[in-house]
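Order-wise, the sequence lines are chains C and G.
Under the numbering used here, residue 165 is the last one in the first sequence; the count climbs by one each step, no gaps.
Under the numbering used here, residue 1240 is the last one in the second sequence; the count climbs by one each step, no gaps.
Quick caveat, the hints were computed from the structure, so don't treat them as lab data.
None of the values given here were measured: they were computed from a predicted structure.
Note that beta-carbon positions come from the ideal geometry of N, C-alpha and C, so glycine has one too.
Take these hints with a grain of salt, some might be off.
Stated by the list, open to error - Computed beta-carbon distance windows for the label pairs:
no.	chain 1	residue 1	chain 2	residue 2	range
1	C	Ala93	G	Lys1097	42 to 48 Å
2	G	Arg1069	C	Arg91	15 to 21 Å
3	C	Lys106	G	Val1211	32 to 38 Å
4	C	Lys85	G	Ala1205	50 to 56 Å
5	C	Gln119	G	Pro1209	18 to 24 Å
As the list claims (entries may be wrong) - Mimicking SDA-like on lysine to any residue, the simulated pairs with C-alpha atoms at most 20 Å apart in a straight line are:
no.	chain 1	residue 1	chain 2	residue 2
6	G	Lys1130	G	Leu1118
7	C	Lys106	C	Ile89
8	G	Lys1151	C	Lys85
9	C	Lys68	G	Lys1151
10	C	Lys85	G	Ala1229
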Amino acid sequence: MIRPNICYGECDKCGNELCLMHIIHVVFMHHYFVLNEILKILHQIMEVHPGLGVERGSEASDLKKKLKCEPIRNNFSNLRELSRKLKSIQRAAFRRKNGNLLGLLKLDIEIDIVTALAQYYDSSMRCFLFQDFQLVPTIEEYEQILDLPLGGESLTDTVSNILLF
Amino acid sequence: MLKSRLISVRNTRGFFQRFLEAHLLQLSIKEDWETFIDVLALILYGTILFPYSNDYVEYAAIDIFVAVRTRFENLVTVVLADTYLALDLCYERKVRKMLCSVHVLYVWLMARITDNILGVRCPIELVTRKNLDKRARKEWALFVVGLNQKKIIWQPSWQQSSKLIYSCEGFPNVPLIGIRGCISYNPVLAQRQFGYLIRGTLTPAVLVPFVCYYQDGFVNDTLCQIRNAWKNILCAEKGH
């Protein structure tokens, strides 16, 4: 029987004291490693057989679908029709004032992709957490998408310090 | 005359989208293009950037429109704040409606996972030119489910700046003011998106969450605190 706080000698892997906590630690790390290997193999299979991948993917999406969120679905057909009345000079004027809003209006988006993405949001870290990486929507990327550089009056009295990488 | 057209949806006030569209049509007949541009922008604020309900332009969206025009407030941080707040509401308060700009979030994701086209500098144009068909889109939704780091384009050619706002004074991260509340986000986690090598380890202190909703009560102090914090910011930039 294993009792806590009692040393069972030295660990043959790292030479530390072999106590209960250490055993748990080693066992856990080992299983974690094995689990990771299995995941990697599964991924390779999915990549080699794309058909299988889609099937597995749909299963996974059903399992993962725990968050219920519904984006607002607006009808843009009238607005698209109306915005076509603008001539190119007026379009340029629009873009100067409002950034690339007309580009967003023209774009046909697929809401399922966004709801699929929302399943991966991690509310404690504020990012989209995937299996081996994370993605964070940032000010800088949004600036480029909207084509509205940060600046103007709101940042005139801002001191910015630079951290070099 | 306008006041009589105000309608009310879930404790907010605003206008029917179709009412504003009818107005837009009249303006185009009169060929008053300057007003046309402003009204069109206003509707797009209410439907694309800050949607609240179907066929509805919320008064708050009009407020933002006015603030951007007259006080040169920055729109980008508000749109970003709303994205985080909407996701936070969905997760923490089990709100089913996702009240944020789905368009921008969609472009943000798609621009990271579709291949570059040489010379395209605008993420929206990139995504538009890829022009996915209906069936391909269904597959994209499944593709998101199986995303891994190899499928992400870490250095897209449209990304121009390598400068990243890292933190604001008094905060370990960057606080944002949105329509319905304030929330902070963690640029430290985005280092890879900007091509930096990850430095140091992440401590819980850096990721300290900060969120408040206006509906919960008095927040003036918080707003002042955030406005002051933005007066002194720390940017990350690549060394030469």
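Enumerate the violated hints, using their earlier numbering and listing them in ascending order. 1, 8, 9, 10
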